[in-house]
Structures are given as C-alpha cells and as structure tokens.
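2 protein chains.
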Amino acid sequence: MDFDEFREFGHASIEFLINYLSGIRERDVLPTTTPYAVINQLPKEIPEQPEHWREVLKDLENIILPGLTHWQSPYFNAFYPSSSSAGSIIGELLIAGIGVLGFSWICSPACTELEVVVMDWLAKFLKLPAHFLHASEGPGGGVIQGSASEAVLVAVLAAREQAVVSYRESHPEVSESEVRGRLVAYSSDQSNSCIEKAGVLAAIPIRLLPAGEDFVLRGETLKQAIEEDVAAGKIPVICVATLGTTGTCAYDDVESLSAVCEEFKVWLHVDAAYAGGAFALDECSDLRKGLDRVDSLNFNLHKFMLVNFDCSAMWLRDANKVVDSFNVDRIYLKHKHEGQSQIPDFRHWQIPLGRRFRALKVWITFRTLGAEGLRNHVRKHIELAKQFEQLVVKDSRFEMVAPRALGLVCFRPKGDNEITTQLLQRLMDRKKIYMVKAEHAGRQFLRFVVCGMDSKASDIDFAWEEIESQLTDLQREQSLVIRKAGNVADLTQHFQIHLTNENTTLEKYQ
Amino acid sequence: MDFDEFREFGHASIEFLINYLSGIRERDVLPTTTPYAVINQLPKEIPEQPEHWREVLKDLENIILPGLTHWQSPYFNAFYPSSSSAGSIIGELLIAGIGVLGFSWICSPACTELEVVVMDWLAKFLKLPAHFLHASEGPGGGVIQGSASEAVLVAVLAAREQAVVSYRESHPEVSESEVRGRLVAYSSDQSNSCIEKAGVLAAIPIRLLPAGEDFVLRGETLKQAIEEDVAAGKIPVICVATLGTTGTCAYDDVESLSAVCEEFKVWLHVDAAYAGGAFALDECSDLRKGLDRVDSLNFNLHKFMLVNFDCSAMWLRDANKVVDSFNVDRIYLKHKHEGQSQIPDFRHWQIPLGRRFRALKVWITFRTLGAEGLRNHVRKHIELAKQFEQLVVKDSRFEMVAPRALGLVCFRPKGDNEITTQLLQRLMDRKKIYMVKAEHAGRQFLRFVVCGMDSKASDIDFAWEEIESQLTDLQREQSLVIRKAGNVADLTQHFQIHLTNENTTLEKYQ
Numbered sequence: 055m056d057f058d059e060f061r062e063f064g065h066a067s068i069e070f071l072i073n074y075l076s077g078i079r080e081r082d083v084l085p086t087t088t089p090y091a092v093i094n095q096l097p098k099e100i101p102e103q104p105e106h107w108r109e110v111l112k113d114l115e116n117i118i119l120p121g122l123t124h125w126q127s128p129y130f131n132a133f134y135p136s137s138s139s140a141g142s143i144i145g146e147l148l149i150a151g152i153g154v155l156g157f158s159w160i161c162s163p164a165c166t167e168l169e170v171v172v173m174d175w176l177a178k179f180l181k182l183p184a185h186f187l188h189a190s191e192g193p194g195g196g197v198i199q200g201s202a203s204e205a206v207l208v209a210v211l212a213a214r215e216q217a218v219v220s221y222r223e224s225h226p227e228v229s230e231s232e233v234r235g236r237l238v239a240y241s242s243d244q245s246n247s248c249i250e251k252a253g254v255l256a257a258i259p260i261r262l263l264p265a266g267e268d269f270v271l272r273g274e275t276l277k278q279a280i281e282e283d284v285a286a287g288k289i290p291v292i293c294v295a296t297l298g299t300t301g302t303c304a305y306d307d308v309e310s311l312s313a314v315c316e317e318f319k320v321w322l323h324v325d326a327a328y329a330g331g332a333f334a335l336d337e338c339s340d341l342r343k344g345l346d347r348v349d350s351l352n353f354n355l356h357k358f359m360l361v362n363f364d365c366s367a368m369w370l371r372d373a374n375k376v377v378d379s380f381n382v383d384r385i386y387l388k389h390k391h392e393g394q395s396q397i398p399d400f401r402h403w404q405i406p407l408g409r410r411f412r413a414l415k416v417w418i419t420f421r422t423l424g425a426e427g428l429r430n431h432v433r434k435h436i437e438l439a440k441q442f443e444q445l446v447v448k449d450s451r452f453e454m455v456a457p458r459a460l461g462l463v464c465f466r467p468k469g470d471n472e473i474t475t476q477l478l479q480r481l482m483d484r485k486k487i488y489m490v491k492a493e494h495a496g497r498q499f500l501r502f503v504v505c506g507m508d509s510k511a512s513d514i515d516f517a518w519e520e521i522e523s524q525l526t527d528l529q530r531e532q533s534l535v536i537r538k539a540g541n542v543a544d545l546t547q548h549f550q551i552h553l554t555n556e557n558t559t560l561e562k563y564q
Numbered sequence: 055m056d057f058d059e060f061r062e063f064g065h066a067s068i069e070f071l072i073n074y075l076s077g078i079r080e081r082d083v084l085p086t087t088t089p090y091a092v093i094n095q096l097p098k099e100i101p102e103q104p105e106h107w108r109e110v111l112k113d114l115e116n117i118i119l120p121g122l123t124h125w126q127s128p129y130f131n132a133f134y135p136s137s138s139s140a141g142s143i144i145g146e147l148l149i150a151g152i153g154v155l156g157f158s159w160i161c162s163p164a165c166t167e168l169e170v171v172v173m174d175w176l177a178k179f180l181k182l183p184a185h186f187l188h189a190s191e192g193p194g195g196g197v198i199q200g201s202a203s204e205a206v207l208v209a210v211l212a213a214r215e216q217a218v219v220s221y222r223e224s225h226p227e228v229s230e231s232e233v234r235g236r237l238v239a240y241s242s243d244q245s246n247s248c249i250e251k252a253g254v255l256a257a258i259p260i261r262l263l264p265a266g267e268d269f270v271l272r273g274e275t276l277k278q279a280i281e282e283d284v285a286a287g288k289i290p291v292i293c294v295a296t297l298g299t300t301g302t303c304a305y306d307d308v309e310s311l312s313a314v315c316e317e318f319k320v321w322l323h324v325d326a327a328y329a330g331g332a333f334a335l336d337e338c339s340d341l342r343k344g345l346d347r348v349d350s351l352n353f354n355l356h357k358f359m360l361v362n363f364d365c366s367a368m369w370l371r372d373a374n375k376v377v378d379s380f381n382v383d384r385i386y387l388k389h390k391h392e393g394q395s396q397i398p399d400f401r402h403w404q405i406p407l408g409r410r411f412r413a414l415k416v417w418i419t420f421r422t423l424g425a426e427g428l429r430n431h432v433r434k435h436i437e438l439a440k441q442f443e444q445l446v447v448k449d450s451r452f453e454m455v456a457p458r459a460l461g462l463v464c465f466r467p468k469g470d471n472e473i474t475t476q477l478l479q480r481l482m483d484r485k486k487i488y489m490v491k492a493e494h495a496g497r498q499f500l501r502f503v504v505c506g507m508d509s510k511a512s513d514i515d516f517a518w519e520e521i522e523s524q525l526t527d528l529q530r531e532q533s534l535v536i537r538k539a540g541n542v543a544d545l546t547q548h549f550q551i552h553l554t555n556e557n558t559t560l561e562k563y564q
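Chains A and B, in that order, give the protein sequences.
So for the first sequence, our numbering puts the first residue at 55; every next one is plus one.
So for the second sequence, our numbering puts the first residue at 55; every next one is plus one.
It cannot be assumed that every hint is accurate.
The list treats identical chains as one, so a pair stands whether inside a single copy or across any two.
To be verified - Only pairs whose alpha carbons sit at most 25 angstroms apart, straight line, appear in this in silico SDA-like list of lysine to any residue:
no., residue 1, residue 2
1, K98, G424
2, K343, E99
3, K288, Y221
4, K434, E267
5, K288, E232
6, K98, F179
7, K181, V270
8, K178, G344
9, K181, I473
10, K440, E519
11, K510, P104
12, K468, G266
13, K98, A425
14, K178, E105
15, K485, H65
16, K448, D243
17, K178, H106
18, K319, S229
It is worth saying that the hints were derived from the structure and are not from the lab.
Between the sequences and the hints, there should be enough to build the whole structure, so can you do that?
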C-alpha cells in the first residue's frame, strides 16, 4: 500500500462525504432512474490496469449518486430510519482499517471485550433487566448481530433445538423427526416479514395470529392458539412479539404474552427493532413492561442510536441455550482461555463464524454523542412526528389510521384505497419525499417516518406541503376526469345528472 | 452533525490508520493481555455528556490496540487471510457515509445495480461458467453474502426446500414432516465447521464423509454414502464440496462429485472460500474443473481479493430456487418495477432483509488495483508460500504434512504431537508470529498461511527464523528436562544408564 495515496484518497473521500451530506436536501430523495441505467453506464469487465482514485470518485458522483435513494436525507420517510452519525461513519473507517475479526476471544481479545462493554452500556442505557448484562452473575448477555432478521432467526433456531431436546427428554418414545414435524411457533399478523421468513428457514410453521383492532397481539389470543395446537398434538416452540410493528409501530402486550409463554414453557422473543430506542426514556417506561420475563430481545442501533447499519443488538437471558445449539468446534478454533472465564466466544451466539469489529463504531458513537445526546435524538424524532401528526389532524381531507407512535405517523386521505395509491404514486413520481404504504384489514395507508441523520422542523413542513399540495392537485385532476366523463355523458340521457355531480365535486375540492 | 468536526475527526483517523498500518511490524502480532484486561480499563456506563473524538482516538491507541490480534500484520499466519487494501478501507468509509440499504431495487437502485456489475466482473475474472453471470440469459447470477457461513447456509436451505417440494411431487402420499425427517446432506470430514453448523441450523444431518489419505473427497465415496442412504429410505439433499479446505487447502474432486450429484439429483455446492481466488490464474485452471456442473459456489473476497471482511461472493446457477424458497413479501416492500426486469431484489437471495452497499467497496478495490493487480496479489501469496516451503524442506527436523497449496504450508516438527503442541505454545507465548494447528488422522500439525495486507519475502524469513529457533530452544530445554530426570535418577540404581542417555541427547541437539 502506498500510504501517500491512501492519505490523499482518504482525505478526498472525507470531503466527498461532507459535500454529499451537507447538500443532501438539494437532491431529490428518489433517483430519476430506470432499471439498467447504472449497469449500462459501467464497463463489462474489471479494468486490466489500476485506475486513479480520482476517476472512481468522479464516477461515484456522476453515475452512482444519481442512482441512489438517499437514506440519510430528511426527505426519506419510508420504512424506518437507518441513521448514521459522524462517529459511526468514522467508526466504519477505523474498523475496516484495523481489519480484525472477532469470532473467538484469542483471535482479537479487545474486539470481544469491547462488545461485552458496549452491550452492557446499552442494556443499562435502555434500562433492561439486570440478567441481560454480561456483568451480572448468570448466563445472560448481549451480542451484536448483523440485522434484526438474524437476531430473530437465532432465537427461533435456539428455541427449536431447546424444544426438541426438552420434549424428547419427557417423551423418549417419540422420534426426533416426529418431534420436529410437530413444532409450531407464533407471532402477530402485524409482525415483520423477517419473522415469517425465520419460520421458513427454520422449517417451523409460524402462525401469524390476528392482532386486535388496535394492532396489538395479546396473551389471550396466544393462549387460545397454543391450547388448540397442544390439543392437536403440536409442540409450541416460540412466540415472537413485536414492540413497534413495521406497519403502525404497535406494541404487543408483552406482559400478558409472557404469562402465557411461562405457563406453556414457550420461548418469548421480543423484536423491538424500532421501539427499543425508547426504552431509554422515562416517559416511555410503559414500553418496558414485561421485559423481565422474556427470553431474548433485539433492537436495531441504526434505527434510533445513530450507529449505521449493520448493527443489531440482541440480548439473551440464557446464552447457553444458543451456544449449546450452535457449537460445532474445530481444533483450529480452540484457545487456552476457552471456558476459563465468562468472556464469550461470540461465534457460538450467531449464525456466521466470521464477525466484524462492530463494537468499535458503537463505542465511538456512544462516546461522541453521550447518553444525553442519544436520548435527545429519540426525543427529537418523537417531537417531529408530533408536529407532522398535528398537520394531518388539522386537514380534514386526511384521517389518522393508528395513534402516532414514536417517530411514525400512519394516515391516509379519506376515501377508498385508490386515492391513497394514486397520491403515493404521484409523490413517488415527483421524488421529493419517499414514503411507503401499508395495509390493515383491507385499508391501505401511508406511513410517514421521521428518518435521516439530522431532520428538522422545517423538513416536516416541507414534507407536509408536498403531500397536501399533491392531494389538492390529484383531486383537481380527478374532478377534470369526471368533467371529461361528463362530456362523454353529453351524448347520453344522463347529461344533467353528471354535470351536477361534477360541479359538486369541483366545489368541494377546489 | 458538525461538519468541521467530522472533517477533523476523519482526517485524524486517516492519519491514525497510516500510523497503525505502516508500523504494524513493530507490534507483536498477538496481544499481551488476559481476559478482562480491556473490560476493566473501561467505564461501566455510557458517558452522560459527549466526549471529544481526541479522547476516543487516545483510548483506541492506548487501550484497544494493545488488546488486538493484528490481522493485517504479515506476522499473522493463522486461519486464512482477511486482507484489506486502501480502496476497500476507503470504500467502507464511503459506504457508511452514503448510508443506503439495498434490499430491493427501488430502495436504492444503484446499490443493487452495482452489485450486479461487480458480481459479473468477478465471475468473468475468475473464469466461471457463463450461466453464473447476470448478463447471461437464464436464472443465474451472483450476490454478495456477509460470510461463507451464510452462503453455505443459503445453499443448504434452498436445496432443502427444493428437495421437499420435489420429493412430495413424486410421493404425494408421504407427509411433509416425514419427508423433512428423512433428509440427509453430505460434505467431507475436512470441510469447514460452518458446513456442519449449516446442517445443525437447517435441521438436516450432514454426513461428514471420510476424505482420502490426500484429504480429497471423491465421487465414489459420495456415491456409496448416497446409495446406502437411499436404500435406508433417506432423501439426499445437497453435497457441499470444498476447494481449499481449512486444514490443508485440499481440493475436493468436483468433477466426480458432480457426476454423482447429477445421477441422484442432489444439489452440489462448492465452498471455494479460500481457493476461489486462484480460479483467475491460468496456471491454476485445473481448480475450475467441474464448476460448469455445480449449482452454487462461494468465494470470500477478503481471502484473496483485498476486499475487507465482510464480503462473500456467491453464485447461483438458478437463483429462482433460492427466491422461491425464501420469498415472504409485504406490501411495504413492493415497488413498481418488481418482476418487470431481470434485476434482482437481492433480499430474496439471502437470509436477512437489510443489506449494506458492499458492492461499493468491491468496485473501488477492483478499479484501484486492476485485474492485473489482483492476479499479482494471489501470485505473490503463492510465491511466498513456496519460499516458506523450501525453508521447511531444507530443515530435516521438520516434515511436510500435505503438499503446499496456494498460500498455505502444512508442516510439523518430526516426532509426536506433543512437540507440535509445545512449539506452538512457545510461539504463542512469544507473540511474534501467529499460527494455528490442525489435526488429521490423529496427527497434529502447524498451518503457516501467508496473510496480511502487504507481506514480503523478508517477512517469511522472519517467521521461519522464529519457528526454527524456537524449536532449537525447545529441544535444548527438553534435553535439560531429561538431564534433570537423570539427576533424580542419581538416587536410583539406573544411574549409569541415565547419564549415558542424557549425554546422547545433549550431543544430538546442541
């Protein structure tokens, strides 16, 4: 490596990012591109000879950036946030430059130990039960997974193996394959697709139980399902509850679910991928109810802690249940301190063998922002969502679909689904803001999520003006369509009626 | 974000890395640390107020670096390489700063399209069969997974679901759970632990078939196992072959395995995590034999392509087999171009939903090094390993355990396993170089792997001098132990015999 060139390239890239991020509001959040537009601008093979990094940055600016959806823009209001921060960005630089892997303690001790430290920091910050701390006596602790999907899958797989072992202990006459064929798991019909996918991957049917009208899954629904299944000879394995569903940020009733899970010895996992950040706030302490009775939970740091994806925190009440399920060691992975201390070899806590030094970016982000800064960030998202909610409520053409929850507002233009679809399509075509829609009980709605590295009150006003003005335009155009339909109707005997309808429409919407 | 501070922190971190990487030979490759040493130096909670980034870099230097095993050091000769490069390090900085996710085309078109481009670049560079290219007609293509473990697991899971569907089509009378209970998979007893783990996770027993004396798994062994299993009513699902086993970098006989897999309609996956890099070299073209008949393969770019972990390339002959197995969509993930083009929504090709913009670091690395630079890097590792091999062969106290393969030399001091163990422990205690041992047929041996960002011939000499001088010292000490044993023996009637033995020993080793 030529360090002079590395220096120049590095410094130029820092400037590149400052230029990109400081000017991100000037870009349409959605790209003006069509499939293959980027592919067709690039050569078909690796260049035989090295190219100068300046050429690469030029193409990044001219070919790649125009093809991106800008997730760090405050006008990105889709999905949930995937936010970054200075500390986290520089953290990734340092992780890559230092370039260690941390699958066992010996293969880079500080990599494992810093993860133990930051997971305990985070558990305390989020006021989680003490048994989730590495520092507590007992087999609990936290680990950084790559994504919520992986955390959920780890919980499902570990619960599966525990259930098989435990059932066969009490029913040695039943074959392993028969036990596996009778396993069943539970979640809400509001839960994230990754939970259904975990069921597919684990080869366990996951029953997506109906949430209530308020989108909440409760113990009574779970209990009924488990009782049905047990009566039919099934073996319940795990329930995955959600705190902050993807559709409406609903909070499943963890307390009543945990009581049922304890009764039937079912693993309870909580997917708090989004809402977990609010555990840190005293005003949101209700969200933590029942967490002392769950077996595992996960929270995505990119959603509220300004640590860039990928970084999904997972805590286990008894990590041995995962380790015992996943351990397949080889001599080349052994080391002399193994099993002699409470420091985990995290490879047994996850699906892959290899693991990046993700704890470093967490450590840098937390230190450079401080606990106060992290709490303020969550509070800011809540305040901005409240601001947006007020704007929705004040405009009688719109209706709320669910209560605002943290940084999410679920709303729709009144009327049938078609208006929602058309409004969203219009907004997507204009590319000024980016939302996605969701559906519940046949009713489609829009999800406005506060995202971005640095959203401000003026960004909320910008988004609202875009939304409401596009609805106005849409309504005007629709009335013109009706007028045209009326003109066709001139030719019919219904002329007078159509004209009346049209006028009514115009009056109402203009 | 305060961009002035970001600039200062960023530039200082670039300098930090230059300082670290340029001086990496001055550090012991293994840290002088004990469990909890890092944990005990750090505070127990997130600081309430932000700290200055200078404090963070200071602690990184004084607390974290001394606790690390230095994977980028040329004195790191353990496992397999996990190498980085300037382009890749800066690539991670840019990935984090741009901060997009790419689970569907619309959620960041260039993220998906650049991955299509670089995976085709890499497939051509490695001279893979054309059906693995996105640009070819048909359902094949490449995707970046997080690790080899995940790639193998994706193959095993997709093969499992295909096998269940296919068996039930021809045997509708057999229940799904019975089919699942009869599945079986195959690999070699030399394959990486991640393959056995994939079996555990997928709930399929993986039979680790005995490799030959030369560590190679061949079709005849597989055929015999499959015939036994089919006769016993089992349903063979997948065989995971390895090109470049972890122990000795042996190459399974893909041609004969593929013939058997075709005969029995068994998915053939090739784990070429390490050796895949050599596909690019004409002089290694034998390694590619039979690849036109495999269903999927994976190759780790951090092992030979100077793209830092995580970045595991995987190619599928028919990606629909994975997509059909894993697809669990929701309305909020839909977009208007979906299914209209051949551009994949990569979330269906992998386990997690979220995905980083890893293609960017691949693109930057490949362009800044060029195809020639990448080939030269692989060739350099081979040359350095040859240099090491010569040193082993010339010293009659050592023996080779397997033929040198690419950048790996498997060797041992002659004698029983205890000498190997003691020599390695001595080297580990001195921390100058880092190797791990492996075992085959009861015989333990050392693996010397060329690793690091920038290894040179002088680094090989350094390592060899360390190894052979430590064996000399070990032998001297052992002879002293024998002398002491002799002194104790003074008290016995065997005095004269022991003294003679001792003298013989001293003469031999001094």
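The hints, checked one at a time:
1. K98 x G424: Between copies, since 13 angstroms is at most 25 angstroms while 47 angstroms is not.
2. K343 x E99: between (56 angstroms within a copy, 23 angstroms between copies)
3. K288 x Y221: Classified as both: same-chain Cα gap 11 angstroms, cross-chain 24 angstroms, threshold 25 angstroms.
4. K434 x E267: Neither way: K434 and E267 sit 29 angstroms apart in one copy and 65 angstroms across, limit 25 angstroms.
5. K288 x E232: both (10 angstroms within a copy, 15 angstroms between copies)
6. K98 x F179: For K98 and F179, the Cα distance is within 25 angstroms only across copies (11 angstroms; inside one copy 49 angstroms).
7. K181 x V270: within (23 angstroms within a copy, 53 angstroms between copies)
8. K178 x G344: within (16 angstroms within a copy, 54 angstroms between copies)
9. K181 x I473: Close neither inside one copy (43 angstroms) nor across copies (52 angstroms); limit 25 angstroms.
10. K440 x E519: within (16 angstroms within a copy, 68 angstroms between copies)
11. K510 x P104: Between copies only: 21 angstroms across chains, 43 angstroms inside a chain, cut-off 25 angstroms.
12. K468 x G266: The answer is within: 22 angstroms in one copy meets 25 angstroms, while 71 angstroms across copies does not.
13. K98 x A425: between (48 angstroms within a copy, 13 angstroms between copies)
14. K178 x E105: Between. Shortest inter-copy distance 19 angstroms satisfies the 25 angstroms Cα cut-off; intra-copy 48 angstroms does not.
15. K485 x H65: Result: close neither inside a copy nor across copies, 32 angstroms intra and 34 angstroms inter.
16. K448 x D243: Answer is neither: 31 angstroms inside a copy and 68 angstroms across each miss the 25 angstroms cutoff.
17. K178 x H106: Between copies only: 22 angstroms across, 47 angstroms inside.
18. K319 x S229: Within one copy only: 21 angstroms inside a chain, 27 angstroms across chains, cut-off 25 angstroms.
The earlier numbered hints that this structure contradicts are 4, 9, 15, 16.
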